[in-house]
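Q: In case you want the letters, here they are:
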Amino acid sequence: MRILAIIKRVLREMIRDKRTLALMFVAPIFILSLMYFLFQSNNNQTATLGVRNIDSVLVTAVKNDHLKIHKITSTSSAKKVIRQKDYAGVLSQSGDKLTLTLQNSDQSKSAIIKQSLQAAQIKLRGEAAATAIKAQQKAIKKLSTALTTIVKQTRMPIKAPAMSKPKTASVNYSLKTHYLYGNINSTFFDTLLPIMIGFVVFFFVFLISGIALLRERTTGTLYRLLATPVKKGEIITGYLAGYGIFALIQTFIIVAFTMYAFKIQILGNLWNVFIINILMAIVALTMGLFISSFASSEFQMVQFIPLVVIPQIFFSGIIPIDQIVSWLRPVANIMPLYYGATAMSNVIEKGFTFTQILPQLGILVLFALLFLFLNTVSMNKYRQV
Amino acid sequence: MQITIKVSNLNQGYGKNIVLHDINLSVKSGEILGLIGPSGAGKTRLVSTIMGMLTPKKGEVFVLGKKMPNRKILGKIGYMAQTDALYTTLTARENLNFFGSMQGISKTNLKKTIPQAAGIVNLNADLDKYVKDYSGGMKRRLSLAIALVSDPEILVLDEPTVGIDPELRQQILQELHQEAKQGKTILLTTHVMEDAEQSDQLMMIRNGVAIAQGTPGQLIKDYHVNTVEEVFLKAGRLQDENSSNH
Numbered sequence: 001m002r003i004l005a006i007i008k009r010v011l012r013e014m015i016r017d018k019r020t021l022a023l024m025f026v027a028p029i030f031i032l033s034l035m036y037f038l039f040q041s042n043n044n045q046t047a048t049l050g051v052r053n054i055d056s057v058l059v060t061a062v063k064n065d066h067l068k069i070h071k072i073t074s075t076s077s078a079k080k081v082i083r084q085k086d087y088a089g090v091l092s093q094s095g096d097k098l099t100l101t102l103q104n105s106d107q108s109k110s111a112i113i114k115q116s117l118q119a120a121q122i123k124l125r126g127e128a129a130a131t132a133i134k135a136q137q138k139a140i141k142k143l144s145t146a147l148t149t150i151v152k153q154t155r156m157p158i159k160a161p162a163m164s165k166p167k168t169a170s171v172n173y174s175l176k177t178h179y180l181y182g183n184i185n186s187t188f189f190d191t192l193l194p195i196m197i198g199f200v201v202f203f204f205v206f207l208i209s210g211i212a213l214l215r216e217r218t219t220g221t222l223y224r225l226l227a228t229p230v231k232k233g234e235i236i237t238g239y240l241a242g243y244g245i246f247a248l249i250q251t252f253i254i255v256a257f258t259m260y261a262f263k264i265q266i267l268g269n270l271w272n273v274f275i276i277n278i279l280m281a282i283v284a285l286t287m288g289l290f291i292s293s294f295a296s297s298e299f300q301m302v303q304f305i306p307l308v309v310i311p312q313i314f315f316s317g318i319i320p321i322d323q324i325v326s327w328l329r330p331v332a333n334i335m336p337l338y339y340g341a342t343a344m345s346n347v348i349e350k351g352f353t354f355t356q357i358l359p360q361l362g363i364l365v366l367f368a369l370l371f372l373f374l375n376t377v378s379m380n381k382y383r384q385v
Numbered sequence: 001m002q003i004t005i006k007v008s009n010l011n012q013g014y015g016k017n018i019v020l021h022d023i024n025l026s027v028k029s030g031e032i033l034g035l036i037g038p039s040g041a042g043k044t045r046l047v048s049t050i051m052g053m054l055t056p057k058k059g060e061v062f063v064l065g066k067k068m069p070n071r072k073i074l075g076k077i078g079y080m081a082q083t084d085a086l087y088t089t090l091t092a093r094e095n096l097n098f099f100g101s102m103q104g105i106s107k108t109n110l111k112k113t114i115p116q117a118a119g120i121v122n123l124n125a126d127l128d129k130y131v132k133d134y135s136g137g138m139k140r141r142l143s144l145a146i147a148l149v150s151d152p153e154i155l156v157l158d159e160p161t162v163g164i165d166p167e168l169r170q171q172i173l174q175e176l177h178q179e180a181k182q183g184k185t186i187l188l189t190t191h192v193m194e195d196a197e198q199s200d201q202l203m204m205i206r207n208g209v210a211i212a213q214g215t216p217g218q219l220i221k222d223y224h225v226n227t228v229e230e231v232f233l234k235a236g237r238l239q240d241e242n243s244s245n246h
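In order, the protein sequence lines correspond to chains A and B.
When we follow the numbering used here, the leftmost residue of the first sequence carries the number 1, and every step to the right adds one.
When we follow the numbering used here, the leftmost residue of the second sequence carries the number 1, and every step to the right adds one.
Think of the hints as simulated: they come from the structure by calculation, not from any bench.
Please read all numbers here as calculations on a predicted model, not as lab measurements.
A virtual CB, placed ideally from N, CA and C, is assigned to each residue, including glycine.
Cβ-to-Cβ under 10 angstroms is the rule here; a few derived chain B residues that face chain A:
no.	residue
1	A85
2	E94
3	F98
4	S106
5	V156
Between the sequences and the hints, there should be enough to build the whole structure, so can you do that?
A: Laid out in structure tokens, this is it:
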């Protein structure tokens, strides 16, 4: 009954605070829309490409600084190889037909492979053309027009369809592209979105609940509350449930908005998205409540953001963890957002099931329990029983 | 009449600092005990210890026969804090409802006790206003109503009359006597001597030490003075002389 009264009070206070409500529900949509338009382009990095039965001429032509090439001997399907070895793509050949399978969970890597292949074919065609006699000048002319169109395509690699087919060169490959995750229209935004869905909930719940409890401390209502027979656990449970409801509504709005406005497809079960976000909200809440005990004003609470929240963004997968310098990588393991974002990306982009994201969920639960325990300890300052 | 609050040989403090020295007191049901002393004397700390918010460093505190700290006993204590701890975005009624249910009072009972408690402090007409629109005195009165709303056996009031106009103050003090007559135990802290004179028992605290203790009439007689205020001043001088002799 006491828990219910606390939940009711938390909800009532929130609903009367129109500006905070707007912050919780409108700000995420604004940020996500902004990111949608900002991150339509790709950046550069290294991709691993598995090759099978490829002409050695083509392999040498494909090689460049951004591409690591592994020869595959196994006969299992390309998709299986990608899943096992975590290659960005697999290229296989039968006759003069090329099949490219892209993992496509990181669209910038897909773009690197596509660009390298285009460049290689241009190179090969160029060599073939050089050895040809002048009578083939007409063909060269055609080639140069093909070249310009390809150059245009490499600038916008996302929209580049399967490889253009050169008609005149002697090395005449045809290419078919398959995608393991997502499709030809996937952009960096698709990578970012699952991380952002988790982050937005984490950030707002952390800030709002932390400041709410801080206000209870500074106005003395927490002390007054503890001067009643209420259990500390009941206070925290009431808070968890009250702000959990808002986190749920926020998740619902964000997911609905991204699905309808950005036409993002969620491969996994929608319930898993909600489960992850609820857990993230609980971790953010318990963390916010705990951190607030180190702040003596709202302003000091805000000062914790660069210390506690921003580093989490860096390790949440926005920068792929395997690209971070090795000594810094373990830091990700103490970031709750890393686990939440990983689980979220896996569900949304790769369609992971509940049992597949269970390890991450488990660690989030551990984080919540840890902060829950620290919260009860920090409330001992006010009442020692 | 039975003893409801008993404090024996209490030392209280934080770390190595001792803030309260060797406090002994006992209050019976139906009695009003006034704690007087300058701010910083340790009144609030003593009140917190009696309520069980703090564990005694040394000595014992018993409330209603139970050793403190004891969470369940808090349900039988009506507490009014020194600072108004109110939810300003809620109405007065919502505040009373919330704290009432925290004390463990059922909804149906609260429907009865809220108008009663608000009536004592003259707030019935303003119950549905937001607390943020309240004046300082109104907030003080609402805090008192919150302490009264659970109809507790013990009332612990930290500076209940600060910021309340003289007329209402008299009314509240009369009401407190009324409550005491019904067998309630009332512990109040104050630095207003007039309030202190109306208590059944007095305890004067200065620098964490109880410098004088007894009924107001007895104290005035013992110190050969005319008012409670003079008792306090004389007891304070004696304390200073004693400590300078050391």
